[in-house]
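Undergrad: Sequence:
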Amino acid sequence: MIKRGVDELILHVYAPKKHFVLPNCLYSCKTLAKLVLHCAIFDPPVEFLGFSNLTWLDFFNVKITDKKMHDLFSACPLLEQLSLVSCRNLKSLILSNPKSCLKNLHTLLCQNLRKLVVDAPNVCVLHSHGKYKELCLINAPHLLHVDLCFPYAGDLCFPYAEVS
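Numbered as in the numbering used here, the sequence shown ends at 316 without a single skipped number.
One or more hints might be untrue.
Said to hold, decoys possible - Within a straight-line C-alpha distance of at most 25 Å, the following computed DSS-like cross-link-like pairs (lysine-lysine) qualify: (1) K220 / K182; (2) K215 / K267; (3) K243 / K283; (4) K285 / K267.
Because the hints were derived from the structure by calculation, they are not lab data.
With these hints in hand, go ahead and build the complete structure from the sequences.
TA: Now the structure itself:
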């Protein structure tokens, strides 16, 4: 992958009870612009510096910790599209980067996700369904489209009056 300059990787492993362990070479692929993973374990080595060219990231039933997701988001400066679907390990998702390029954020069926904090000034679309105890939009002046579904609504924080 690295030698060939792969810029798009879609890896769909259909094994809902057994997740695929990603090879370490994936984490050093600097040319990746789009990464779509199904049923995988995202566990980068300590020396992982992120994907500097990544603009699109979709995780479906991917095992990733809160800290690794936060670190990944912080280390992908060009990321515009982020979708997290059925990522059951996530409990607290904090997407905070004042220089973030993130425009579209989708979180669906992440059953254990109870906290979502978005501090991303370029986000335009937020599509999120979950049992949040805390949802906070800190810096989202360009937010145009919001689709939220709460089977259980806890403390919600919407600092911007134009978001309804």
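Undergrad: The structure should be examined with respect to each hint, and the outcome stated for every one.
TA: To see whether the hints hold, each was checked on the structure:
no. : hint        : result
1   : K220 / K182 : 18 Å, holds
2   : K215 / K267 : 17 Å, holds
3   : K243 / K283 : 10 Å, holds
4   : K285 / K267 : 6 Å, holds
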